[in-house]
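Model the placement of chain P on the given structure of chain C, informed by the hints.
Each chain is listed here by its residues.
Number of protein chains: 2
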Amino acid sequence: MLKDFIKNEIPDEETLKAKIKEERAHLSASQMKIKEAALPVMVLFEGWNAAGKGAVIGKVIRNIDPRFFKVATMDREPSPDEKRYPFLYRYIKEIPEAGKFQFFDTCWMEEIVDGVLEEEMNPEVYKKRVRSINVIERQLCDNGYLVIKFFFHISKKEQKKRLEDLQSSKDTKWRVDKADLLQNKHYDKCLDVFESYLEDTNHSRAPWYIIDASDKKYAELQVLQFLNQGIDIALKNQKMNVPILQNAFPMEKMPKLSEISLADKTLTDAEYEAQLDTLQKRLRDLGNKVYRKQIPVIIAYEGWDAAGKGGNIKRITEALDPRDYVVEPIASPEPHEKARHYLWRFWTRLPKTGHITVFDRTWYGRVMVERLEGFCSENDWQRAYNEINEFEKELKDWGAVIIKFWVQIDKDTQLQRFTDRQNTPEKQWKITDEDWRNREKWDLYETAIDEMIQKTSTTFAPWHVLESVDKKYARIKALQIVIEELEKALKK
Amino acid sequence: MLKDFIKNEIPDEETLKAKIKEERAHLSASQMKIKEAALPVMVLFEGWNAAGKGAVIGKVIRNIDPRFFKVATMDREPSPDEKRYPFLYRYIKEIPEAGKFQFFDTCWMEEIVDGVLEEEMNPEVYKKRVRSINVIERQLCDNGYLVIKFFFHISKKEQKKRLEDLQSSKDTKWRVDKADLLQNKHYDKCLDVFESYLEDTNHSRAPWYIIDASDKKYAELQVLQFLNQGIDIALKNQKMNVPILQNAFPMEKMPKLSEISLADKTLTDAEYEAQLDTLQKRLRDLGNKVYRKQIPVIIAYEGWDAAGKGGNIKRITEALDPRDYVVEPIASPEPHEKARHYLWRFWTRLPKTGHITVFDRTWYGRVMVERLEGFCSENDWQRAYNEINEFEKELKDWGAVIIKFWVQIDKDTQLQRFTDRQNTPEKQWKITDEDWRNREKWDLYETAIDEMIQKTSTTFAPWHVLESVDKKYARIKALQIVIEELEKALKK
Numbered sequence: 013m014l015k016d017f018i019k020n021e022i023p024d025e026e027t028l029k030a031k032i033k034e035e036r037a038h039l040s041a042s043q044m045k046i047k048e049a050a051l052p053v054m055v056l057f058e059g060w061n062a063a064g065k066g067a068v069i070g071k072v073i074r075n076i077d078p079r080f081f082k083v084a085t086m087d088r089e090p091s092p093d094e095k096r097y098p099f100l101y102r103y104i105k106e107i108p109e110a111g112k113f114q115f116f117d118t119c120w121m122e123e124i125v126d127g128v129l130e131e132e133m134n135p136e137v138y139k140k141r142v143r144s145i146n147v148i149e150r151q152l153c154d155n156g157y158l159v160i161k162f163f164f165h166i167s168k169k170e171q172k173k174r175l176e177d178l179q180s181s182k183d184t185k186w187r188v189d190k191a192d193l194l195q196n197k198h199y200d201k202c203l204d205v206f207e208s209y210l211e212d213t214n215h216s217r218a219p220w221y222i223i224d225a226s227d228k229k230y231a232e233l234q235v236l237q238f239l240n241q242g243i244d245i246a247l248k249n250q251k252m253n254v255p256i257l258q259n260a261f262p263m264e265k266m267p268k269l270s271e272i273s274l275a276d277k278t279l280t281d282a283e284y285e286a287q288l289d290t291l292q293k294r295l296r297d298l299g300n301k302v303y304r305k306q307i308p309v310i311i312a313y314e315g316w317d318a319a320g321k322g323g324n325i326k327r328i329t330e331a332l333d334p335r336d337y338v339v340e341p342i343a344s345p346e347p348h349e350k351a352r353h354y355l356w357r358f359w360t361r362l363p364k365t366g367h368i369t370v371f372d373r374t375w376y377g378r379v380m381v382e383r384l385e386g387f388c389s390e391n392d393w394q395r396a397y398n399e400i401n402e403f404e405k406e407l408k409d410w411g412a413v414i415i416k417f418w419v420q421i422d423k424d425t426q427l428q429r430f431t432d433r434q435n436t437p438e439k440q441w442k443i444t445d446e447d448w449r450n451r452e453k454w455d456l457y458e459t460a461i462d463e464m465i466q467k468t469s470t471t472f473a474p475w476h477v478l479e480s481v482d483k484k485y486a487r488i489k490a491l492q493i494v495i496e497e498l499e500k501a502l503k504k
Numbered sequence: 013m014l015k016d017f018i019k020n021e022i023p024d025e026e027t028l029k030a031k032i033k034e035e036r037a038h039l040s041a042s043q044m045k046i047k048e049a050a051l052p053v054m055v056l057f058e059g060w061n062a063a064g065k066g067a068v069i070g071k072v073i074r075n076i077d078p079r080f081f082k083v084a085t086m087d088r089e090p091s092p093d094e095k096r097y098p099f100l101y102r103y104i105k106e107i108p109e110a111g112k113f114q115f116f117d118t119c120w121m122e123e124i125v126d127g128v129l130e131e132e133m134n135p136e137v138y139k140k141r142v143r144s145i146n147v148i149e150r151q152l153c154d155n156g157y158l159v160i161k162f163f164f165h166i167s168k169k170e171q172k173k174r175l176e177d178l179q180s181s182k183d184t185k186w187r188v189d190k191a192d193l194l195q196n197k198h199y200d201k202c203l204d205v206f207e208s209y210l211e212d213t214n215h216s217r218a219p220w221y222i223i224d225a226s227d228k229k230y231a232e233l234q235v236l237q238f239l240n241q242g243i244d245i246a247l248k249n250q251k252m253n254v255p256i257l258q259n260a261f262p263m264e265k266m267p268k269l270s271e272i273s274l275a276d277k278t279l280t281d282a283e284y285e286a287q288l289d290t291l292q293k294r295l296r297d298l299g300n301k302v303y304r305k306q307i308p309v310i311i312a313y314e315g316w317d318a319a320g321k322g323g324n325i326k327r328i329t330e331a332l333d334p335r336d337y338v339v340e341p342i343a344s345p346e347p348h349e350k351a352r353h354y355l356w357r358f359w360t361r362l363p364k365t366g367h368i369t370v371f372d373r374t375w376y377g378r379v380m381v382e383r384l385e386g387f388c389s390e391n392d393w394q395r396a397y398n399e400i401n402e403f404e405k406e407l408k409d410w411g412a413v414i415i416k417f418w419v420q421i422d423k424d425t426q427l428q429r430f431t432d433r434q435n436t437p438e439k440q441w442k443i444t445d446e447d448w449r450n451r452e453k454w455d456l457y458e459t460a461i462d463e464m465i466q467k468t469s470t471t472f473a474p475w476h477v478l479e480s481v482d483k484k485y486a487r488i489k490a491l492q493i494v495i496e497e498l499e500k501a502l503k504k
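Top line first, the protein sequences correspond to chains C and P.
Mind the numbering: the first sequence is residues 13 to 504 in this note's numbering, read in order.
Mind the numbering: the second sequence is residues 13 to 504 in this note's numbering, read in order.
In isolation and in its complexed conformation, chain C is listed as follows:
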């Protein structure tokens, strides 16, 4: 792409000015349409050092109301804290919300190509990173994001001249660092790496646009033109249906909920007390070990209302050092969460390495409540099984332990607990009209849950069913599974 790229003649000063003016007005007019259409616009600026990315970003944003855009400057090493998350984390944190622009002053490309050039990244890791990037860019597009990618291109000679110009003045000398000079010195090698990356990540829905950055005004014009064109088209394509990819992950064979027997899964109080104590001690010890080994742990709870999730979680967390874990209760998304990719609020709640996050309800809301209540389209939830598996695969590849619990009770047990809650003053807060309404949809939920368990029980993140008619039994089983999974991870 870069190597074939031949610069065309730069329009004369007069024409440039007129065209830029026109495109600026166009962009300015688009911002309200973007707001109204709730279109999130993600613009990635990558390219050679000293190619003028920052200057053009500065000019582009002047046409947009400050309430409607943000600039994320990612052109730096990840901080020690950021390094304790998946590499995509610090970028995904910054994705725009619906109706707004987010400009990235370099994005995931920079981190990857730097890794390759500094020979820290072997080809296998490179391939994995590229795959992760392709997955997330596709997921963003499929979920309604406009993703526009610019590569600012200048020649070796031009780059050299710019760096020398900067160095020649006391005021600008500080802006040239070693990395800039090295890039110019090894221009051809960099070109090879950039070329491969661009080819490997060029897709018709999130294509690369090469910007001839030899002239700053012309660069601005090209960016504005591609940006306006992309926005115009995206505005016409709202609520598009997206092909559903094959959910080709290795799956574990799982039973249907109706096939799971509950009655025989009980413990006496004595059995429970004895085991609880032993298991919690064991877990405390393992908790310390995963902290020292810096393994991130994700424990995800889903289950029927009144199935006993809360008490179950408590028996896990009681055993853990409060500095090492957090429980994330997941309710309906806040407006700023709803305005982003549905996995964003989970990406941003991930544990750091060595930490444990317990999700009390999870991203599986997409294929349960959001599906059944029509909060997303059928195309959205049909796609979500694969998207969620991709998400969990990303976490697994990062090194996370993922434990997913479905807390199972039968319909009669739920009625009994609902009635009990209703009749016990200090428990009344736990029961709402919504619980009763959900209960009426039991059968629809059961179908959705069966499908969810079938389609997302990957070998690397399978569901575990906790039979919770006897809550004691469920708690002990949960502790046993967590212990087993942590032990497995520690052995690796």
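None of these hints come from the bench; they were simulated from the model.
The model shown is predicted, which means the values in this text are computed figures rather than measured ones.
Some clues are possibly wrong.
Which copy is meant is left open, so a pair is good if it fits within one copy or across any two.
Here are the simulated EDC-like pairs of lysine to aspartate or glutamate, each with C-alpha atoms no more than 16 Å apart in a straight line [said to hold, decoys possible]: (1) LYS140 <-> ASP212; (2) LYS489 <-> ASP281; (3) LYS140 <-> ASP16; (4) LYS139 <-> GLU211; (5) LYS139 <-> ASP212; (6) LYS453 <-> GLU385; (7) LYS139 <-> GLU207; (8) LYS301 <-> ASP336; (9) LYS265 <-> ASP24; (10) LYS139 <-> ASP126.
Just chain P now, with coordinates in the frame of chain C:
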């Protein structure tokens, strides 16, 4: 993809039967919707030999009215005649028309992977082929095609068993050939090549679906499920707008039509006669040479009404051996042409190697008359510049000489010629009401033509302007350019 692919449990016989019945009914019901929505559906079957592709195709088509589908059996070497066209030619010939299915019993994948496995294709050619395939699949999707790709997967052991079973009976022995046995013997090597190809051509809009073909009924079910799912989604996405890719081909600097002086471009009769004779003799000689060197030649004429295209073409063809050239007059597309990708009627009119095709009007109708008369959407013609450049690049890479003429006159000259035609009984057939209507849109056309010439004068297929107020001048210039281009090609 293949290597990660883990088979899931095959449903029991009863379930399989019930589900297949359901999916068959679904497909059957879809055929009229596809017809009504004018959706062209292209289904590619690839996979291991003896994986049962043919059998499944046979079952799938039983649900569709014979008027609505065709099967293209491409599982064979290209014929000697087909080898004289670009490798994509024989597949593109078979693309479905709007509202119909086309099932490919193997498609371009097979040809490429066979080439790699037989070590006839070096990595550079492989890369080029993959790029061509990605371009055409994208173009098809962008132009409203549903493209679904299946890979039929079986294990080495299963394949061996099937081949042995076939060989063990006299009636089926003939169905196993050397290539089948070789594929089984070198299963792992084939797996590597297939894996790479699938990865290199897997796109979110034309994704691969891996079919577990270890059980024939189950294979049918999977195909029906993915097919129905794809159709349902495509039916919801009619008239979608598509991102416009960067038209990043190297361009020649071209003047605007208004900058081209016409008055001084004249020849006396004597000059004309003398040059015509010499040039035609030279061209005759070159025509023979390109025939012997098996170079395909494409000469494309566009120009204003009454600019003198016909007479100009005549002076070229007069010099050629009638067995070696054909003139293709391009009018409005026939219904069966209109129902396909707009470049299809040009793909299917390409010259064989060694032959010359003169197009009297061309694929540039997309960005002139179709643009101005609203026969395609703005998104369609905006995309077409790049699509056409890609098309011409494909032809150039194949080895074709491409010569594009714009025959230029001014508005007054046209009026004079129109009036002359109107007033001369034997010329009256040449002038229609439409010509007068088009004339009224002269300025709109001029803008479109200027844009076309700017955006499609690639270095490998630039426009040549023939100043044709003096037709003699234009004819001599055309001859000179054709001669020059053929000489260049013969020197390579």
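Hints versus structure:
1. For the homomeric pair LYS140 and ASP212, the shortest alpha-carbon distances inside one copy (12 Å) and between copies (15 Å) are both at most 16 Å.
2. For the homomeric pair LYS489 and ASP281, the shortest alpha-carbon distance inside one copy (15 Å) is at most 16 Å, but the shortest distance between copies (102 Å) is not.
3. With identical chains, the CA atoms of LYS140 and ASP16 are at most 16 Å apart between copies only, with a shortest distance of 14 Å across copies and 26 Å within one.
4. Taking CA atoms no more than 16 Å apart as the test, LYS139 paired with GLU211 passes in both settings, with 13 Å inside one copy and 12 Å between copies.
5. Taking the closest pair of Cα atoms, LYS139 and ASP212 come within 16 Å of each other both inside a single copy (9 Å) and across two copies (13 Å).
6. In this homomeric assembly, LYS453 and GLU385 come within 16 Å of each other (Cα to Cα) only inside a single copy, at 10 Å, whereas the closest approach across copies is 54 Å.
7. In this assembly of identical chains, the alpha carbons of LYS139 and GLU207 lie at most 16 Å apart whether taken from the same copy (15 Å) or from different copies (14 Å).
8. Taking the shortest alpha-carbon separations for LYS301 and ASP336, only the intra-copy value of 11 Å comes in at or below 16 Å, while the best inter-copy value is 81 Å.
9. Taking the shortest alpha-carbon separations for LYS265 and ASP24, only the inter-copy value of 14 Å comes in at or below 16 Å, while the best intra-copy value is 67 Å.
10. Taking the shortest alpha-carbon separations for LYS139 and ASP126, only the intra-copy value of 14 Å comes in at or below 16 Å, while the best inter-copy value is 26 Å.
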